[in-house]
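Peer 1: First to last, the protein sequences are chains A and B. Just so we're aligned, residue 2 is where the first sequence starts under the working numbering, counting upward by one. Just so we're aligned, residue 2 is where the second sequence starts under the working numbering, counting upward by one.
Hints listed in this document are in silico derivations from the structure and should not be mistaken for laboratory results. Check the hints yourself; a few may be wrong.
Note that identical chains are pooled: a pair holds if it fits in a single copy or bridges any two copies.
Taking lysine-lysine and the DSS-like style, the derived pairs with C-alpha atoms no more than 27 Å apart in a straight line are [claimed, not checked]:
#, residue 1, residue 2
1, Lys59, Lys303
2, Lys285, Lys329
3, Lys202, Lys320
4, Lys334, Lys163
5, Lys163, Lys133
6, Lys165, Lys47
7, Lys285, Lys300
8, Lys133, Lys202
9, Lys165, Lys303
10, Lys133, Lys184
11, Lys133, Lys241
There are 2 protein chains.
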Amino acid sequence: MKHVLLSLLTTLLLVSLTSEAQRPPALNSPEVHPDRSVTFRYFSKKARKVSLSGEFLKVPLPMSQDTAGIWSVTVPPVSPDIYPYSFSVDSVQLADPNNTYLFANERFKRSIVDVPGEQPLVHSLQNVPHGKISYCYYQSATLGTTRPLLVYTPPGFNPNGKTKYPVLYLIHGGSDTEETWTKVGRAHLIADNLIAQGKAKPMLIVMPYGNVRPAPMPDFTKDVVNDLVPFVEANYPVLKESTGRAIAGFSVGGGQTLNIGFTNPGTFAYVCSYAPYTATEEFKKNFTDWSPNADQLNKQLKLFTISVGTDDFLYEPVKQNIAMFQDKKVAVKSYIGPGGHTWMNCKQYLATTLQEVFK
Amino acid sequence: MKHVLLSLLTTLLLVSLTSEAQRPPALNSPEVHPDRSVTFRYFSKKARKVSLSGEFLKVPLPMSQDTAGIWSVTVPPVSPDIYPYSFSVDSVQLADPNNTYLFANERFKRSIVDVPGEQPLVHSLQNVPHGKISYCYYQSATLGTTRPLLVYTPPGFNPNGKTKYPVLYLIHGGSDTEETWTKVGRAHLIADNLIAQGKAKPMLIVMPYGNVRPAPMPDFTKDVVNDLVPFVEANYPVLKESTGRAIAGFSVGGGQTLNIGFTNPGTFAYVCSYAPYTATEEFKKNFTDWSPNADQLNKQLKLFTISVGTDDFLYEPVKQNIAMFQDKKVAVKSYIGPGGHTWMNCKQYLATTLQEVFK
Numbered sequence: 002m003k004h005v006l007l008s009l010l011t012t013l014l015l016v017s018l019t020s021e022a023q024r025p026p027a028l029n030s031p032e033v034h035p036d037r038s039v040t041f042r043y044f045s046k047k048a049r050k051v052s053l054s055g056e057f058l059k060v061p062l063p064m065s066q067d068t069a070g071i072w073s074v075t076v077p078p079v080s081p082d083i084y085p086y087s088f089s090v091d092s093v094q095l096a097d098p099n100n101t102y103l104f105a106n107e108r109f110k111r112s113i114v115d116v117p118g119e120q121p122l123v124h125s126l127q128n129v130p131h132g133k134i135s136y137c138y139y140q141s142a143t144l145g146t147t148r149p150l151l152v153y154t155p156p157g158f159n160p161n162g163k164t165k166y167p168v169l170y171l172i173h174g175g176s177d178t179e180e181t182w183t184k185v186g187r188a189h190l191i192a193d194n195l196i197a198q199g200k201a202k203p204m205l206i207v208m209p210y211g212n213v214r215p216a217p218m219p220d221f222t223k224d225v226v227n228d229l230v231p232f233v234e235a236n237y238p239v240l241k242e243s244t245g246r247a248i249a250g251f252s253v254g255g256g257q258t259l260n261i262g263f264t265n266p267g268t269f270a271y272v273c274s275y276a277p278y279t280a281t282e283e284f285k286k287n288f289t290d291w292s293p294n295a296d297q298l299n300k301q302l303k304l305f306t307i308s309v310g311t312d313d314f315l316y317e318p319v320k321q322n323i324a325m326f327q328d329k330k331v332a333v334k335s336y337i338g339p340g341g342h343t344w345m346n347c348k349q350y351l352a353t354t355l356q357e358v359f360k
Numbered sequence: 002m003k004h005v006l007l008s009l010l011t012t013l014l015l016v017s018l019t020s021e022a023q024r025p026p027a028l029n030s031p032e033v034h035p036d037r038s039v040t041f042r043y044f045s046k047k048a049r050k051v052s053l054s055g056e057f058l059k060v061p062l063p064m065s066q067d068t069a070g071i072w073s074v075t076v077p078p079v080s081p082d083i084y085p086y087s088f089s090v091d092s093v094q095l096a097d098p099n100n101t102y103l104f105a106n107e108r109f110k111r112s113i114v115d116v117p118g119e120q121p122l123v124h125s126l127q128n129v130p131h132g133k134i135s136y137c138y139y140q141s142a143t144l145g146t147t148r149p150l151l152v153y154t155p156p157g158f159n160p161n162g163k164t165k166y167p168v169l170y171l172i173h174g175g176s177d178t179e180e181t182w183t184k185v186g187r188a189h190l191i192a193d194n195l196i197a198q199g200k201a202k203p204m205l206i207v208m209p210y211g212n213v214r215p216a217p218m219p220d221f222t223k224d225v226v227n228d229l230v231p232f233v234e235a236n237y238p239v240l241k242e243s244t245g246r247a248i249a250g251f252s253v254g255g256g257q258t259l260n261i262g263f264t265n266p267g268t269f270a271y272v273c274s275y276a277p278y279t280a281t282e283e284f285k286k287n288f289t290d291w292s293p294n295a296d297q298l299n300k301q302l303k304l305f306t307i308s309v310g311t312d313d314f315l316y317e318p319v320k321q322n323i324a325m326f327q328d329k330k331v332a333v334k335s336y337i338g339p340g341g342h343t344w345m346n347c348k349q350y351l352a353t354t355l356q357e358v359f360k
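Construct the entire structure; sequences and hints are all you get.
Peer 2: Here it is, written out as structure tokens:
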């Protein structure tokens with residue numbers, strides 16, 4: 002009996018310790034049903050209006066409140082994928098308090114819902130050998146600071162072995178962080194799965210933090226070339242010629258990919274740009290009145306791709322950039338498919354790239 | 002001019018793409034001033050009441066709104082440390098949208114503010130050799146699933162070298178995740194700093210996900226002993242005797258530490274429990290009517306510590322547990338100091354443990 006009382010007492014204390022004005026109960030949210038419909042839940046007795054925004058929706062959906070203060074809405078079956086979503090509570094946008102999986106981003110707080118398919122998706126955790134993601138640091142002389150870095154090493158990786166691995170440098174979007182490619186893009190699981198199927202070569206994937214605060218952002222190009230690549234090549238058993246290096250990135254990172262790749266064509270033999278955002282001073286400086294030696298460039302580059310979705314808000318400028326490269330006789334492989342400026346698309350772009358580089 | 006227009010257009014589109022009803026401007030929040038006062042900012046034109054809660058405050062502080070819709074409050078100078086905090090916006094608790102550093106937790110969303118000291122703190126990023134944190138997976142036969150795992154390896158770690166390292170198994174609190182010990186506890190930086198100073202031995206720190214959903218939680222004890230430890234010992238160059246293994250944990254993880262340690266005293270020679278929450282069925286089963294062979298136990302355990310703060314809401318039950326162990330003649334070293342049931346305290350408990358184990 003004493004134990005029961007103690008248990009009750011400490012439970013109450015635990016609850017009160019961590020409680021805010023309205024500490025919510027633990028809710029099952031998001032609840033993905035077998036038919037792939039999804040129920041989202043949020044607790045608030047005081048809220049007047051709660052709605053759901055998600056990249057599986059065209060417009061926000063209102064949520065309705067039950068007598069216990071639990072707001073909910075069930076979304077009809079959605080295609081298997083990983084989607085960002087958020088709640089709007091009296092116009093305050095917030096992540097789902099009951100969902101641990103967050104979108105790694107500097108500007109907004111969103112949650113992620115994973116809707117599995119009947120067959121495992123390319124980004125699903127499957128029963129295959131797994132690589133590792135290492136969180137580490139490097140010194141950037143360019144930026145005068147210690148920078149965070151994530152490095153995926155493939156299954157069976159031996160840092161002291163004879164195998165020298167190729168390296169994909171992979172850059173996130175504008176307000177993302179060095180964690181977005183793994184937390185949202187599941188780059189490590191995509192690599193695990195494609196390597197297990199023999200569709201991708203075992204490689205390192207190096208995911209730096211691509212933002213420079215305060216700007217100027219062109220410093221990131223110098224950081225990658227003068228600090229990051231030398232750090233990786235001094236500390237990992239990797240190939241040190243251009244055919245062992247690829248660079249790819251999404252959105253602002255897709256623009257950075259073009260800037261870094263084309264100002265250093267002898268460094269990266271593979272340049273893969275996903276829905277690049279190019280309305281930057283650096284891009285203007287590099288590509289306005291650009292007159293490349295296309296023959297030489299096309300020999301240096303083993304692969305140059307630009308991917309974009311037809312619903313992407315950058316579809317038009319990306320098409321214009323593809324045309325610009327074509328005008329200058331630079332061999333570019335364009336991947337134009339459905340979808341918008343989303344990480345659902347981005348994962349697919351990466352899955353395609355992983356099967357093409359280093360071959 | 003075309004470029005400027007394109008830039009403006011795409012910027013507007015970028016903003017609208019990611020905007021919610023009230024996409025906030027990028028605010029400098031939290032802004033830590035040189036005198037260690039801190040300004041917190043939040044944007045909302047619609048909110049009626051915004052307040053700040055933080056572990057540097059005894060009660061929430063109201064924030065006030067300027068004419069542009071920016072709510073703010075400046076907190077007087079606080080002691081150097083890392084503190085969790087959150088905003089309450091019309092009673093909705095949320096993390097600071099402008100702060101990337103989040104408290105890894107399954108139940109609440111909080112942000113973290115790092116208030117530096119004049120001298121670097123034990124958890125600060127310093128210019129010393131850095132270890133790495135590896136994100137990986139292991140198969141748990143006990144739980145029938147793939148479990149996530151973080152493994153800190155020290156600077157100079159060579160997975161194929163002759164050096165065999167000791168291993169600290171480190172468990173988070175009740176609603177925390179496998180990331181809380183690094184994201185909030187900065188276990189990797191504390192280890193980097195203490196190893197650089199020669200105060201801690203180079204070791205691996207293994208940080209599993211300690212929750213079992215759905216319960217029963219005693220399964221975690223089996224998972225650690227039958228799945229996790231064998232996985233680590235099969236895949237890393239580590240010592241395989243009890244004097245090469247330590248177990249530690251905070252709150253619910255501190256209770257798990259006692260359960261795991263004392264049901265397997267031949268496995269872990271070091272047991273360090275931080276503010277343990279012990280009002281559980283498993284603890285009751287293990288320690289009610291417990292009659293240990295204290296002599297044997299005291300020989301097996303090279304170190305057994307319990308740490309708690311006098312302001313911890315678990316102070317009384319922890320003191321009772323210390324007395325229980327003393328009654329049974331089990332040698333326990335108690336660390337009782339100021340502070341509450343917080344990660345500020347928890348970091349200090351770990352810093353103490355790292356200097357005591359494997360010596």
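Peer 1: Please go over all the hints and tell whether each is borne out by the structure.
Peer 2: We went through each hint and held it up to the structure:
1. Taking CA atoms no more than 27 Å apart as the test, Lys59 paired with Lys303 passes in neither setting, with 39 Å inside one copy and 61 Å between copies.
2. Taking the closest pair of Cα atoms, Lys285 and Lys329 come within 27 Å of each other only inside a single copy of the chain (16 Å); across copies the shortest separation is 76 Å, beyond that limit.
3. In this assembly of identical chains, the alpha carbons of Lys202 and Lys320 never lie at most 27 Å apart, being 30 Å within a copy and 57 Å across copies at closest.
4. In this homomeric assembly, Lys334 and Lys163 never come within 27 Å of each other (Cα to Cα): the closest approach is 34 Å inside a single copy and 48 Å across copies.
5. In this assembly of identical chains, the alpha carbons of Lys163 and Lys133 lie at most 27 Å apart whether taken from the same copy (19 Å) or from different copies (22 Å).
6. In this homomeric assembly, Lys165 and Lys47 never come within 27 Å of each other (Cα to Cα): the closest approach is 59 Å inside a single copy and 57 Å across copies.
7. Taking the shortest alpha-carbon separations for Lys285 and Lys300, only the intra-copy value of 25 Å comes in at or below 27 Å, while the best inter-copy value is 72 Å.
8. When the C-alpha separation of Lys133 and Lys202 is checked against a cutoff of 27 Å, the pair qualifies both within a copy, at 16 Å, and between copies, at 24 Å.
9. Only within a single protomer do Lys165 and Lys303 lie at most 27 Å apart by alpha-carbon distance; the minimum there is 19 Å, versus 43 Å between protomers.
10. In this assembly of identical chains, the alpha carbons of Lys133 and Lys184 lie at most 27 Å apart whether taken from the same copy (13 Å) or from different copies (18 Å).
11. Taking the shortest Cα distances, Lys133 and Lys241 sit within 27 Å of each other both inside one copy (22 Å) and across copies (23 Å).
Figure legend: structure checked against the earlier numbered hints; hints not met, in rising order: 1, 3, 4 and 6.
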